[in-house]
Amino acid sequence: MSVDALARHAETTRSRSSDWSYWRGWSSLAKWAGLILLFLIYFPLAWLALMSVSERPLSGVPLPLTLEHYQALFNDTRWVGPFEASLVLALLVGIVCAAVATLVGRALPSIRRPGTALLLCVLPLFVPGMSMGAALFIVFRAMLGVKLGFSTIFLGHFIWAFPFALLIILVLTTRFDHRLVEASADLGASRWQTFWRIEFPLLRPGIIGAGLFGFLLSFNEVLRTIFLRGTETTMPIYNWTMAASQQSRVPIIFALATIVLVITLPLLGGAFWLLYARMDKG
Amino acid sequence: MIKVIGLANASTTPATSRWTAAVSSDTWIVPTFLVVWCAFVVLPLLVLFAYSFFDTRFYATVYRPSFTTWISIFQSGRLEVALRTVRIALAVTAIDLVIAFPFALWLAKGSASKGTKAIVIALLTIPFFLDLSSRTIIWRAIFDQHGTINTTLLDLHIIQAPLSWMLYTEWSVHFGLIIASFPTMVLPIYLALSIIDDSLLQASADLGATPAQTLVRVIIPLAMPGIMAGVLLTLGPVLAAWVEPAMLGGGFVNLLSNSVESAYTSLRYPVVAALSTFVILLLAALLVILLLVARRFGDALSTFRVMRS
Numbered sequence: 001m002s003v004d005a006l007a008r009h010a011e012t013t014r015s016r017s018s019d020w021s022y023w024r025g026w027s028s029l030a031k032w033a034g035l036i037l038l039f040l041i042y043f044p045l046a047w048l049a050l051m052s053v054s055e056r057p058l059s060g061v062p063l064p065l066t067l068e069h070y071q072a073l074f075n076d077t078r079w080v081g082p083f084e085a086s087l088v089l090a091l092l093v094g095i096v097c098a099a100v101a102t103l104v105g106r107a108l109p110s111i112r113r114p115g116t117a118l119l120l121c122v123l124p125l126f127v128p129g130m131s132m133g134a135a136l137f138i139v140f141r142a143m144l145g146v147k148l149g150f151s152t153i154f155l156g157h158f159i160w161a162f163p164f165a166l167l168i169i170l171v172l173t174t175r176f177d178h179r180l181v182e183a184s185a186d187l188g189a190s191r192w193q194t195f196w197r198i199e200f201p202l203l204r205p206g207i208i209g210a211g212l213f214g215f216l217l218s219f220n221e222v223l224r225t226i227f228l229r230g231t232e233t234t235m236p237i238y239n240w241t242m243a244a245s246q247q248s249r250v251p252i253i254f255a256l257a258t259i260v261l262v263i264t265l266p267l268l269g270g271a272f273w274l275l276y277a278r279m280d281k282g
Numbered sequence: 001m002i003k004v005i006g007l008a009n010a011s012t013t014p015a016t017s018r019w020t021a022a023v024s025s026d027t028w029i030v031p032t033f034l035v036v037w038c039a040f041v042v043l044p045l046l047v048l049f050a051y052s053f054f055d056t057r058f059y060a061t062v063y064r065p066s067f068t069t070w071i072s073i074f075q076s077g078r079l080e081v082a083l084r085t086v087r088i089a090l091a092v093t094a095i096d097l098v099i100a101f102p103f104a105l106w107l108a109k110g111s112a113s114k115g116t117k118a119i120v121i122a123l124l125t126i127p128f129f130l131d132l133s134s135r136t137i138i139w140r141a142i143f144d145q146h147g148t149i150n151t152t153l154l155d156l157h158i159i160q161a162p163l164s165w166m167l168y169t170e171w172s173v174h175f176g177l178i179i180a181s182f183p184t185m186v187l188p189i190y191l192a193l194s195i196i197d198d199s200l201l202q203a204s205a206d207l208g209a210t211p212a213q214t215l216v217r218v219i220i221p222l223a224m225p226g227i228m229a230g231v232l233l234t235l236g237p238v239l240a241a242w243v244e245p246a247m248l249g250g251g252f253v254n255l256l257s258n259s260v261e262s263a264y265t266s267l268r269y270p271v272v273a274a275l276s277t278f279v280i281l282l283l284a285a286l287l288v289i290l291l292l293v294a295r296r297f298g299d300a301l302s303t304f305r306v307m308r309s
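These protein sequence lines map, in sequence, to chains A and B.
Just so it is clear: in the first sequence, position 97 is 97 by the numbering used here, and no numbers are missing.
Just so it is clear: in the second sequence, position 213 is 213 by the numbering used here, and no numbers are missing.
Derived by calculation from the structure, the hints in this document are not laboratory data.
One or more of the hints may lead you astray.
[Unchecked claim] Below, computed lysine to any residue pairings styled on SDA-like, alpha-carbon distance capped at 25 Å:
no.: 1; chain 1: A; residue 1: LYS147; chain 2: B; residue 2: GLU261
no.: 2; chain 1: B; residue 1: LYS114; chain 2: A; residue 2: GLU232
no.: 3; chain 1: A; residue 1: LYS147; chain 2: B; residue 2: VAL36
no.: 4; chain 1: B; residue 1: LYS114; chain 2: A; residue 2: LYS147
no.: 5; chain 1: A; residue 1: LYS147; chain 2: A; residue 2: GLY269
no.: 6; chain 1: B; residue 1: LYS114; chain 2: A; residue 2: PHE272
no.: 7; chain 1: B; residue 1: LYS117; chain 2: A; residue 2: ILE207
no.: 8; chain 1: A; residue 1: LYS31; chain 2: B; residue 2: GLU261
no.: 9; chain 1: B; residue 1: LYS117; chain 2: A; residue 2: GLU232
no.: 10; chain 1: A; residue 1: LYS31; chain 2: B; residue 2: HIS157
no.: 11; chain 1: A; residue 1: LYS31; chain 2: B; residue 2: VAL36
no.: 12; chain 1: B; residue 1: LYS117; chain 2: A; residue 2: ILE41
[Unchecked claim] Coverage of chain A stretches by chain B, computed from C-beta distances (three or more under 8 Å per stretch; other residues unrestricted):
no.: 13; region: 81-87
no.: 14; region: 96-102
[Stated by the list, open to error] Sample of chain B residues at the chain A side, in silico, Cβ under 10 Å:
no.: 15; residue: THR68
no.: 16; residue: ALA91
no.: 17; residue: ALA94
no.: 18; residue: LEU97
no.: 19; residue: ILE99
no.: 20; residue: ILE126
no.: 21; residue: ALA161
no.: 22; residue: LEU163
no.: 23; residue: PHE182
Think of the CB as a built atom: it goes at the ideal place given N, C-alpha and C, for glycine as much as any other residue.
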């Protein structure tokens with residue numbers, strides 16, 4: 001029974017009550033306040049895409065339209081390096097996240113104290129990115145004297161993305177019917193065969209979801225990268241420095257961000273479709 | 001083989017002891033992983049804390065424990081920055097909570113259909129994966145003196161001179177932060193609300209409680225873990241917000257992140273450590289306060305027990 005139905009029910013049972021909390025409008029007020037904020041989250045994305053084809057993107061008026069920023073973007077090659085670095089990093093983080101989360105996620109539900117272990121694993125979710133980045137920076141740079149670069153960024157991104165990946169895998173492994181594995185063993189399959197032919201196909205939506213989340217979280221990470229990058233530059237860092245320092249470069253950033261959005265939004269849609277399709281079945 | 005899967009999938013009895021025996025050869029995985037994980041996550045946080053007790057002289061770190069750095073972060077104008085950061089973070093978190101809780105309640109227990117729920121949850125999750133700086137910088141083009149809003153209002157002759165309070169002020173920083181952290185507030189509260197048994201709400205109404213009484217005495221106590229998670233997950237990133245104050249504050253609204261950045265570029269690593277630790281300690285203090293508040297609303301532990309059953 002919904003809250004609305006509940007409110008109506010209560011209203012009929014105590015019809016003489018004139019309490020303010022019976023007002024029907026509360027529900028729609030709650031709904032519209034939230035939807036307005038949702039709109040404010042997505043409106044900038046649409047406006048960004050529109051402004052990327054505007055002649056004067058900082059003027060506030062989208063017209064007249066032009067494609068010159070995209071042309072400038074493709075004539076200018078400075079963003080290619082950071083873009084490639086981000087792509088490679090994100091791919092690595094996605095693959096490693098999916099693999100490690102699968103390994104740990106399979107074993108975690110059957111250990112003695114899964115709660116404590118899980119809490120340790122999701123700890124980075126509660127530590128602000130700035131603090132985690134600074135902590136890793138001090139250990140690597142100030143304490144150990146490691147040269148910062150690709151590998152330290154990778155580590156920072158992995159620590160950020162792993163909790164998400166693990167939680168996604170756990171959704172499936174905690175509901176996994178372990179008698180399947182047993183049946184497979186009874187029928188003479190080796191452990192490896194059991195994994196590939198029974199467990200992997202059943203866990204596949206989670207594994208793909210974990211990989212996708214890892215990819216996207218890494219691809220857009222800023223705070224940890226600022227501390228751990230050394231001289232390496234990733235896409236978000238490039239966007240960030242360009243946007244922060246040079247006003248004249250902003251139109252190109254709009255075009256670049258639009259292209260990235262056009263690539264990532266369908267990927268995200270796919271990830272969610274996979275997750276929900278799977279959850280509805282389970 | 002497919003037939004076997006289909007049959008076994010249909011029923012859901014708990015794992016047998018034979019399964020536990022079968023995976024016993026895998027038991028090394030989690031402990032090994034946890035050791036490595038602690039070395040890269042917990043240890044750095046401890047080092048961060050330890051480092052905040054060192055000091056910097058002539059661009060070099062002095063490895064002698066002292067409170068110099070901690071004292072210095074509460075002097076030289078940094079106290080003002082710290083207080084401003086805490087004030088803005090609390091305001092943003094409070095506003096988000098006020099909008100997010102009713103919205104989550106509508107989403108979980110209101111008239112939303114299953115499809116609507118799925119779409120709204122997806123829309124709330126997607127922003128986590130989008131580049132924050134390009135999402136934030138576009139507000140500049142909207143709020144600027146020559147931006148969308150000012151141009152529109154001037155053309156409609158509603159205002160005579162462009163409004164200047166919209167950008168590079170605390171208002172725009174609040175605005176950017178409220179929007180960016182809204183999803184982290186809604187999602188945990190939604191999860192906590194959606195597992196509340198509807199029969200409890202029904203019982204409360206049957207026993208003559210008004211909707212307000214049901215909300216305060218039944219729904220809020222049961223949703224407390226979600227509310228706490230939402231507040232913590234929102235406040236942490238806002239306290240350490242880096243992108244929004246820089247892009248929408250434009251150097252006029254300095255927050256802790258600006259202090260960290262300037263300390264970082266001037267190689268004063270103990271200051272970086274102390275400020276980062278300060279953020280974590282603030283969060284921990286808030287967790288303790290929230291637990292105490294939750295106890296007033298009803299034993300927090302019993303709430304967790306209700307959630308499990």
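So, going through the hints one by one against the coordinates:
no. : hint                : in the structure
1   : A:LYS147 - B:GLU261 : holds, 20 Å
2   : B:LYS114 - A:GLU232 : violated, 45 Å
3   : A:LYS147 - B:VAL36  : holds, 20 Å
4   : B:LYS114 - A:LYS147 : violated, 51 Å
5   : A:LYS147 - A:GLY269 : violated, 38 Å
6   : B:LYS114 - A:PHE272 : holds, 15 Å
7   : B:LYS117 - A:ILE207 : holds, 24 Å
8   : A:LYS31 - B:GLU261  : violated, 39 Å
9   : B:LYS117 - A:GLU232 : violated, 41 Å
10  : A:LYS31 - B:HIS157  : violated, 33 Å
11  : A:LYS31 - B:VAL36   : violated, 45 Å
12  : B:LYS117 - A:ILE41  : holds, 17 Å
13  : 81-87               : violated (count 0)
14  : 96-102              : violated (count 1)
15  : THR68               : violated, 17 Å
16  : ALA91               : violated, 16 Å
17  : ALA94               : violated, 14 Å
18  : LEU97               : violated, 12 Å
19  : ILE99               : holds, 5 Å
20  : ILE126              : holds, 5 Å
21  : ALA161              : violated, 15 Å
22  : LEU163              : violated, 12 Å
23  : PHE182              : holds, 5 Å
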